[in-house]
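Novice: Residues per chain are reported as follows:
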Amino acid sequence: MAAQPEPAGSGERSSNTPKTIIGAVVRFAGDSGDGMQVTGDQFTTTAAVLGNDLATFPDFPAEIRAPAGTLYGVSGFQINFASKDVFTPGDRPDVLVAMNPAALKTNLPDLVPGGLLVVNADAFSPQNLKKAGYEKSPLEGSELEGYQVLSVDITKHTVNAVKPTGLSVKEANRCKNFWTLGLMYWIYNRPLELTLEWLQKKYAKRPDVVEANSLALKAGHAFGETVELGYQRYEVPAAPVTKGKYRNIAGNTATSWGLVAAAQLSGLEVVLGSYPITPASTILHELSKHKHLGVTTIQAEDEIAAACIAIGASYAGGIGVCTTSGPGMALKMEAIGLAISVELPLVIVNIQRAGPSTGMPTKTEQADLLQAVYGRNSEAPLCVIAASTPGDCFHMAIEAVRLATKFMTPVVLLTDGYLANGAEPWLIPKVEDLPKIDVNFRKEAEGFHPFLRDPETLARNWAIPGTPGLRHRIGGIEKDHDSGHISYDPQNHERMSQVRATKIANIAKFVPEQKIGLGDDHGKLLVLGWGSTYGAIREAVRNCRDRGLSVSHAHLNYLFPFPRNLGDVLSRFDRVLIPEMNMGQLVKLIRSEYLIPAESYPKIQGQPFRIEELEDRIRKTLEN
Amino acid sequence: MSQVIDQKKLTRKDFSTDQDVRWCPGCGDYSILANVQRVMPEVGVMPDNMVWVSGIGCAARFPYYMDTYGFHTIHGRAPAFVTGIKATNPELNVWLASGDGDSLSIGGNHLLHCLRRNLDVRILLFNNRIYGLTKGQYSPTSEVGKVTASTPVGSADQPVDPCSFALGCNGTFVARSIDVEAKHLAGVLKRASEHRGTAFVEIYQNCNVFNDGAFKSFTDKDNKLDNQLRVENGQPLLYGKDNRRGLRLDPKTLALETVTIGENGVTEADLLVHDESNGVIASLLVRMPRPTFPVAIGVLFRTERTTYDESLRQQKQAVVDRAGANDLEALLNSGNTWEV
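Chain order of the listed sequences is A and B. Each residue of the first sequence is one higher than the one before, starting from 1 at the first, in my numbering. Each residue of the second sequence is one higher than the one before, starting from 1 at the first, in my numbering.
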């Protein structure tokens, strides 16, 4: 939870000496064309380099080019930066920048009471007000009472500032996001240099654009400085973070790089079959850039083909990967069943989105857990794991490949739209510290048949086409356990079904035991989560513990099978509360596996949990 | 399970498994299997480097009988599996056995994309114009009005012609043959094996249980010569018992017509000459209406185009040449970074 700026007294003109606070949440909101993502990225980079811990989340419209000024064309970017650990992009902004009436209308309900509202007054034209559904300008009524309102003619100021460059009014107008950024830098006492350098690099071929945006940035900053605004300035010092080299990383980038790393660590080619789908497509884009790093990407003709391409790749000795979201996952299920039956490695990354059907593609959800665990015909077990933070996606992608190749099985890696697009500073790992992935293809012809198994892992041997003397046939028809030939024998089918189930259950022996992430290993209440709820649950539990409540937090990365000690961990608590962005899916699995009355806290709004909601629920649970 | 084989002495036996062949007695698939196994030693590929892939259906059983690597996958998707196999190991010699339902109904999409990409694979489409394994429903190549278990008053769908489809998808090798024409089939298979890219071969195959005699009008001994046009590259399009019937192009309508040499002043010089590289001729040949015209068999079209797997390889090489290979450290440290 970031500290809120104190409302600056209207009568009191401050000395403009920045006041030190622990942290703040800032949201930039404007029209799709207002450059809010770039503004947010720049603010983020500067905060990161100053040593703040931070988390960010962009919120862009589903429409590619939404009509200007409309409510559904509003694009937002939120950053939570602080001098302490930060786990989420923040519940509510302390500062809201609204570049037009539509941005104000859609974002104002989130602004904390007494928060600072910066608006571009120039954009509040009758036409824009009408598009946003305002009958009269909110800048004139009483609606904004209770906030500190900084209403500035940003467009006019920007156009004046960039006049010396001779840019057209239209082009000059496009610099207003940098003017606004300059003003925000003034409020948070941040240097302009990093953004000025970035402009130089980014627009090296357009010196006029560099100059115009630089002028706008400086002018916004000078505006704060010279107009002697009666608003408090703030200072957010550096956070005590682990020493090392950092970068900012979004979940989908981390997933992509984890897959690249897996190619390097295993020495095998990662072959991605993928069909574009929101919010997974950026993984396809990212991996397509790294053909020189052991990655082949194929944009398949459909979701089914994408899975089949990946399985074909694994059959031929590569690491077959497909990246998708819920509706695509549904289409892949028959093919995944084949990979289970023929026991080939396969990694399926499902970036979950809100559903069912098309649902809300740009919104987040965790409702594909049961689909991943159970969503196939017949008894078709596979391994399901999940990432908890954007940076964690890197390590879990490597883990997915390790498990898939070690156990000759499909592995589903669940992330979601919130992790995919959210970003956090990431301590860049050293390649030599990453775990090697050992892969041994069968070479020995003596005594070979395709379903010979490793006695420890029960994985069948991986014999790839082109290997002398190992010719064999595999397929989706049931196989004899002792020769791999087609078999309709009833006892054999039961035996093979059990072997496939046992193989997956045994994975629990090869993954880490479940740890309590925060708090005691016993007590009144354990909050058990999985996936992208990590940050919100952790902060909520931390806040509750700070107030003396008996509550702990455990977060699952391994969902099928569960870590081998999970039953023991759960048994040490009087009660278990499971918050999930679904109608209660993990809670079903936990109840059926451990026969405990775990309690569900579902949220299904396409939005992540707020820390305050979780705190409230924890408090109420402990009161009952 | 598999024996180590001396390439110089490859025989039909080296490509035959010990599995019982489970097609219905009298099925055309037996003849196709026998011809494939007979041709394989001439292909010049060791069985260890050959993969047979299939989807679902009677034809899809094929890999179990070939002593090569084999992958019996799911319905209609075999071309997608082959795409993954070839993208991973382009050295493998891959064949795909499929049927009219597998390739043109549930798998039409994948066949389309395989053909347009020109993936390096030989696709044998056994066309029996019926669903066999699901017990006798009409297929996308069945004639209109086909009475089957699922269409008791006759099917309403227009059939698709597999070779027309393949040409429309920019296939680079389109050929046709018949299960019972052993020598002709062997010749076409050999030609397919030599092609780099997607070699599409439609094989008319009699399903003696659910659609017996579907191709009788041009396969019966008595009338086949008058109804089969065996195309040969560079040769005039001649057919008939005494080889005096032929095809002539009407330059006014751009349509084919059947003529007889010696009648109405027609000489061999008037006939259209087959040119494998000519897509227009191929399009005319595959769309000839029956029974006015004969059925064209042989290599109908062939051209050369870079294969998909080769394109992938070239792109990769170009990136490696530019960026250097395998620097994960550089990737992780790229872009904006900072030290704490």
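Any given hint could turn out to be false.
[What the hints assert, rightly or not] Pairs of lysine to any residue residues, derived as SDA-like cross-links and limited to a Cα-Cα distance of at most 25 angstroms, are as follows: (1) 245(A) <-> 44(B); (2) 291(A) <-> 14(B); (3) 135(B) <-> 478(A); (4) 289(A) <-> 113(B); (5) 289(A) <-> 321(B); (6) 316(B) <-> 245(A); (7) 13(B) <-> 486(A); (8) 135(B) <-> 486(A); (9) 443(A) <-> 321(B); (10) 406(A) <-> 515(A); (11) 316(B) <-> 486(A); (12) 524(A) <-> 597(A); (13) 245(A) <-> 113(B); (14) 183(B) <-> 310(B); (15) 84(A) <-> 131(A); (16) 291(A) <-> 44(B).
By construction, these hints were calculated from the structure, which means they are not laboratory data. These figures come from a predicted structure and were not determined experimentally.
Novice: Compare the structure with each hint and give your call.
Specialist: Now the hints, each set against the structure:
no.	hint	result
1	245(A) <-> 44(B)	55 angstroms, violated
2	291(A) <-> 14(B)	38 angstroms, violated
3	135(B) <-> 478(A)	21 angstroms, holds
4	289(A) <-> 113(B)	23 angstroms, holds
5	289(A) <-> 321(B)	14 angstroms, holds
6	316(B) <-> 245(A)	30 angstroms, violated
7	13(B) <-> 486(A)	21 angstroms, holds
8	135(B) <-> 486(A)	21 angstroms, holds
9	443(A) <-> 321(B)	32 angstroms, violated
10	406(A) <-> 515(A)	24 angstroms, holds
11	316(B) <-> 486(A)	39 angstroms, violated
12	524(A) <-> 597(A)	14 angstroms, holds
13	245(A) <-> 113(B)	45 angstroms, violated
14	183(B) <-> 310(B)	32 angstroms, violated
15	84(A) <-> 131(A)	41 angstroms, violated
16	291(A) <-> 44(B)	32 angstroms, violated
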